[in-house]
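Chains Y and S are the protein sequences, given in the same order. In case it helps, my numbering puts the first sequence at residues 5 to 709. In case it helps, my numbering puts the second sequence at residues 5 to 709.
A few of these clues could be false.
No copy is singled out in the list; a pair is fine if it fits within one copy or between any two copies.
Below, simulated DSSO-like cross-link-like pairs (lysine-lysine); rule was C-alpha separation at most 30 Å, straight line [as the list claims (entries may be wrong)]:
1) K684 to K570
2) K439 to K684
3) K439 to K449
4) K356 to K684
5) K684 to K363
6) K705 to K356
7) K439 to K705
8) K570 to K449
9) K630 to K570
10) K630 to K363
11) K289 to K705
12) K449 to K684
13) K570 to K289
14) K356 to K630
15) K630 to K289
16) K630 to K200
17) K200 to K289
18) K449 to K200
19) K705 to K449
Think of the hints as simulated: they come from the structure by calculation, not from any bench.
2 protein chains.
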Amino acid sequence: MSEQQHEGQAGYRAWLAYHPRVDSATSKEDSLRYGWIASGDRDDTVRAAISELAEGIGAMYSELPEIHVFPTDAAGENGARDPEPDTAIGVGTGILVGTFAANERLRDIFGVEVAELGREGFAIRTREGATAIGAHTPVGALYGAFHLLRLLATGADPSGLEVIERPANKLRMMNQWDNIDGSIERGYAGPSIFYKNDAIDFDPARIRDYARLLASTGINAISINNVNAHRLESRFVTEDYLPRIAELADIFRVYGIRLLLSINFAAPIEVGGLPTADPLDADVKRWWRDRAADIYAAIPDFGGFLVKADSENRPGPFTYGRGHAEGANMLAEALEEHGGLVVWRCFVYNCKQDWRDRKTDRARAAYDHFLPLDGAFHDNVVLQIKNGPMDFQVREPVSPLLGAMERTNQVVEFQITQEYTGQQRHLCYLVPQWKAVLDFETYAKGNASPVKRVVDGSVHDRALGGFAAVSNIGADANWTGHPLAQANLYGYGRLAWNPELSAEAIAEEWALQTFGASRQVTDAVVGMLMDSLDIYESYTAPLGVGWMVNPNHHYGPNVDGYEYDKWGTYHFADRDGVGVDRTVLTGTGYAGQYMGPNAGMYESLAECPDELLLFFHHVPYGHRLKSGRTVIQHIYDTHFDGARRTEELTRRWASLEGLVAADVYDAALARFHEQAEHAKEWRDRINTYFYRKSGVPDEQKRAIY
Amino acid sequence: MSEQQHEGQAGYRAWLAYHPRVDSATSKEDSLRYGWIASGDRDDTVRAAISELAEGIGAMYSELPEIHVFPTDAAGENGARDPEPDTAIGVGTGILVGTFAANERLRDIFGVEVAELGREGFAIRTREGATAIGAHTPVGALYGAFHLLRLLATGADPSGLEVIERPANKLRMMNQWDNIDGSIERGYAGPSIFYKNDAIDFDPARIRDYARLLASTGINAISINNVNAHRLESRFVTEDYLPRIAELADIFRVYGIRLLLSINFAAPIEVGGLPTADPLDADVKRWWRDRAADIYAAIPDFGGFLVKADSENRPGPFTYGRGHAEGANMLAEALEEHGGLVVWRCFVYNCKQDWRDRKTDRARAAYDHFLPLDGAFHDNVVLQIKNGPMDFQVREPVSPLLGAMERTNQVVEFQITQEYTGQQRHLCYLVPQWKAVLDFETYAKGNASPVKRVVDGSVHDRALGGFAAVSNIGADANWTGHPLAQANLYGYGRLAWNPELSAEAIAEEWALQTFGASRQVTDAVVGMLMDSLDIYESYTAPLGVGWMVNPNHHYGPNVDGYEYDKWGTYHFADRDGVGVDRTVLTGTGYAGQYMGPNAGMYESLAECPDELLLFFHHVPYGHRLKSGRTVIQHIYDTHFDGARRTEELTRRWASLEGLVAADVYDAALARFHEQAEHAKEWRDRINTYFYRKSGVPDEQKRAIY
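If we strip away everything but chain Y, and leave its shape as in the complex, we get (with noise of 0.2 Å):
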């Protein structure tokens, strides 16, 4: 492991971090359980399950159980056997882990239950003295495993424990935006743990350690490269790269991850020399058919390509006169054969608009480009849908896309990386913003039909569906910089797991997983996460508007920092009011985009939700909001709120010096103050530039310039 290289960085370990179980009046008990681990399974899988319940055990117990690898039912591969196991496996208490096909004592365990666990699912169940995790697949049990470790380390009591989990998203999947020149697009934690100068260039011990994050919140895919494959990312298909890019496969496959490949469409002419990458071509056709074999060659669980075409300059399919469906099908007849996957994004529309031209309405793009190809996709294609209409703003209504397919599976993308959410020099925890998303009732049909229930494919019967993500780390020694962003990495995996977590729950778990079991801690921990997204809102666009921040980096407040430019993200500001009018009567029309009663909602003035006004309706700044304020004093009131808020964040981190491991503290503090500073810029660029168009005077007679 390469924990070495970030000694006395207790960041470096995160949820992973196994901290000794003192607040348990039981441990001592406890540990007596785990005085042996125990499995009939030999595969690497299972190993890295042991493995790893073996350092969690060792860790939080301060005694390491013995290991006994054995066969129960039948001889290993090689007809070799182990010893038989020694008498502790019936002595005192200790871990069975293992699927049911190689542990007969599983079997006799859980009996007849286990049929509903599904591939990846997993049970854990307490008898005589022994803990049982058990499943239909090695990555089962390595699920469950972590599953107990996560139990134990957030003081669970380990005694009767009765667990049936099973993920409900099949596709769980990480998007790293890396590229080869050791960039990340949207990174703020360091350069790539993947690329350096040009090449692929890996510490297989750090891969490993992230493949242990991810698979301990049950991430089983991850696309590794950019969306935006660049000249060389182009060539991953091909044999320059293939040899080292199965090597991060073979790491990653032992966690149960599947590793896709972000392609360029225009590959065939850019790598393959041909004249052209026209989907219905018979030489592109055969040509990505043939990198197929080459990948699945080198990766036989290949997962498959992320696609992002037509999209923001990238080629695709319209160069050809063709569609969506043409290109994604032609690359999904490559992958079908070798059961790969095409994961096509839906981040399509005009990047070229004019600003002058107040018609075209980016928000309606994906759905505009989308909805007319339902039913036209094959079954190995996915289309990748982002959260809200436009970027991953802080605050955006649901896309209205998801669910109104009914043919055609979908997975919401969402973006760990806090791109416009403070880039991880501002606290954000975004878990409370996806739950939103994903709790969301679309009426795709009837009212039973929340977004989560769309992308795990039970609304619309999909055989697949899931989530996607953008990721939050680099090779900054805490993974996020930002050491409290490392709860989006895990949220996110969390919940892609189990949607019904609660995103407080969640900060819980991996509050007490990272800093242990402090209550003082954890509460203070949770406290600031859950505080977070809506203190970041309140200090940035006001009222879903979204954007004004600078141009390119995304960072700071620029008001009109996109008002003339051509991405088609304006808020119209004048001297009378703000706010884009998004409704069918006088607008767009985007409003009519959604499906039953929220059409109506977010049409009319009176029963738009207030947090998404300034989305859907352009109105004076004198208007009353539901709270009761005017659109102006609700500015400035945000605005000095936030800011205020912000600077008690540092102080209520602040309050955990010593508590805290140093490193992680100090990483921290320094951004807290950085946040605190940040956030009066935001209020005063805010409040002045409203003050200055609006000329109403603050009711408070605060201080705006």
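Based on these hints, arrange chain S on the given structure of chain Y.
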């Protein structure tokens, strides 16, 4: 010469194109007058003059003159003698060029009146068939040669010439902002011709051609690296780089141009390994003296150091509690014995200003910093003062520091490179702007103290003074990207030599030399050049308020681009009005920095010239200008007008198709198209911004968004 590598690129030859004199009825006669070129001088500079005359005469008359170099008064230094001049020198007509000392016939022809020519002046006289160019020095003769060629190229009657010229200014300097990585700060015509890939790397022929262009306009000094001297450039003063720099100096020396270096004030630490760069520290003084000795050993006529200190995060004496005078004088002492200068820039201001702070005024900074130091600088120190108090905006008042220091050498700094004036993608002939600065009455000593008399040293009887300017050339085949931007390079040199020349006369000179004698081309080009500054001003930031550009790269409109930033450049537009109150009575007091009636003129809302109104006053949008229009209507009108006139520029240029070389025509046409599009963007953004803020409709109901 490296024209070869730019073969077919008419733009490369610029104003030394030497077009055939087809329009002159007397060309055959003229030709007879230049059957030979003779000189008694043998040094490289006179040889360069002869070579230029031969090339120019040969090209203009399609007949190469014979060349005779012979000692008239004495044997050559090595005692060898050329064969006696053949009879040609007495037969037919020709050009006699050189120094009085080396040419008895020149002494005969010019007699006693030559004394007034000074070190760089020359006289031209047609006498007995021969055209005589005489000077006290080789470089005087070179200037005379270029002058004769200019007269011929601009259609002057070569018979009966009687010219006496000497430069108005002692220092006529070009500043390259080139970096060793090959980039140019604020360069818009390709990479550097001096550097490549972190090395001094040049084509000597191209450097020589640049020297020819500069010398032809009278430039006599060049600093070859960016005033922001980075890591490697800081080592230019060491043996690491001096041999290569000496090669550059050798090339420029032939053309009468002394080489200077921009230095890093912290070099004693960063290069020398000293613990300090304190100008009063003995080791620091010694270190610089040693560097000076090394430099002069390599470059005996080295010009000196150009210094940007304590400016925009550059190191300087402030770090050590010292002032500018102590910093500059320390360097001056190191250079003094060698005859070197310290050129110390006055572009010093707080570049980390809080935008909320309305008391601090960047415009005041140069004056506030330097005025108290009058008389404190050594005689070989020259202060380099930007023409305006801000930073090369299209419209600024003249810097109040110019003329205010009676006992201090001053040069005025212009910016030829079009940083804020269209980046050589827009046409913007800057000579009229510079003329306005030079003619500005400072009242430094009564009412005959225009800036041009301040910097030539006459107002305060200073021995040293002159012009400096930031070059606009790069490795583009035509030097300046926009072919017509050559006129700025040309015009700067001509003005530095003779500030009495009119902008129009310079434009005509340039057009005739560059494009040949077509009246249609000359009239069109001169007309376009003369209109261009006003056009550019009309569609960009209004009424002297400045900025409104994109941060960092400074191209394109962004009304609030600097409004909430740290650079001290604000317009304070709100729903009621716009402008910066810089009056003494209610504002920052900047207006009070002016001398005589200027202070009152700028202080008074009634007297302040319209074009600078918003620089000095914050006024309501309904304020009536002297023109009778309101401020807001003026903004609308000028912006519609400017965009319209920009479109006309395209048509005016298109009328010259076939009349100017195709490469020049095409390059400029593409730029005029871009300018026309971009002017519309400026128009619409500025108008929309102010309409949204003011709510005042355009009287003519034109489209505002």
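Against the structure, the hints:
For the identical chains of this complex, K684 and K570 are neighbours both inside a copy (29 Å) and across copies (15 Å), given an alpha-carbon limit of 30 Å. In this assembly of identical chains, the alpha carbons of K439 and K684 lie at most 30 Å apart only when taken from the same copy (29 Å versus 45 Å across copies). Taking identical chains as interchangeable, the C-alpha atoms of K439 and K449 lie at most 30 Å apart only when both belong to the same chain, with a minimum of 20 Å there against 75 Å between chains. In this homomeric assembly, K356 and K684 come within 30 Å of each other (Cα to Cα) only across copies, at 16 Å, whereas the closest approach inside a single copy is 33 Å.
Proximity of K684 and K363 under a CA criterion of 30 Å is satisfied inter-copy only: 20 Å between copies versus 35 Å inside one chain copy. In this homomeric assembly, K705 and K356 come within 30 Å of each other (Cα to Cα) only across copies, at 27 Å, whereas the closest approach inside a single copy is 42 Å. Taking the closest pair of Cα atoms, K439 and K705 never come within 30 Å of each other, the shortest separation being 37 Å inside a single copy and 49 Å across copies. In this homomeric assembly, K570 and K449 never come within 30 Å of each other (Cα to Cα): the closest approach is 37 Å inside a single copy and 54 Å across copies.
Taking CA atoms no more than 30 Å apart as the test, K630 paired with K570 passes in neither setting, with 33 Å inside one copy and 38 Å between copies. When the C-alpha separation of K630 and K363 is checked against a cutoff of 30 Å, the pair qualifies only within one copy, where the shortest distance is 28 Å, while the shortest distance between copies is 41 Å. Taking the shortest alpha-carbon separations for K289 and K705, neither the intra-copy value of 67 Å nor the inter-copy value of 56 Å comes in at or below 30 Å. In the homo-oligomer, the alpha carbons of K449 and K684 never lie at most 30 Å apart, since the shortest distance is 45 Å inside one protomer and 49 Å across protomers.
Proximity of K570 to K289 under the C-alpha cut-off of 30 Å is found in neither arrangement, the shortest distances being 35 Å within a copy and 55 Å between copies. Proximity of K356 and K630 under a CA criterion of 30 Å is satisfied in neither setting, with 36 Å inside one chain copy and 41 Å between copies. For a Cα distance limit of 30 Å, the shortest separation of K630 from K289 qualifies neither inside one copy, at 56 Å, nor across copies, at 71 Å. Proximity of K630 to K200 under the C-alpha cut-off of 30 Å is found in neither arrangement, the shortest distances being 52 Å within a copy and 63 Å between copies.
Proximity of K200 to K289 under the C-alpha cut-off of 30 Å is found in neither arrangement, the shortest distances being 32 Å within a copy and 44 Å between copies. For the identical chains of this complex, K449 and K200 are neighbours neither inside a copy (48 Å) nor across copies (65 Å), given an alpha-carbon limit of 30 Å. Taking the shortest Cα distances, K705 and K449 never come within 30 Å of each other, neither inside one copy (50 Å) nor across copies (50 Å).
The structure does not agree with the numbered hints 7, 8, 9, 11, 12, 13, 14, 15, 16, 17, 18, 19 stated previously, though it agrees with the rest.
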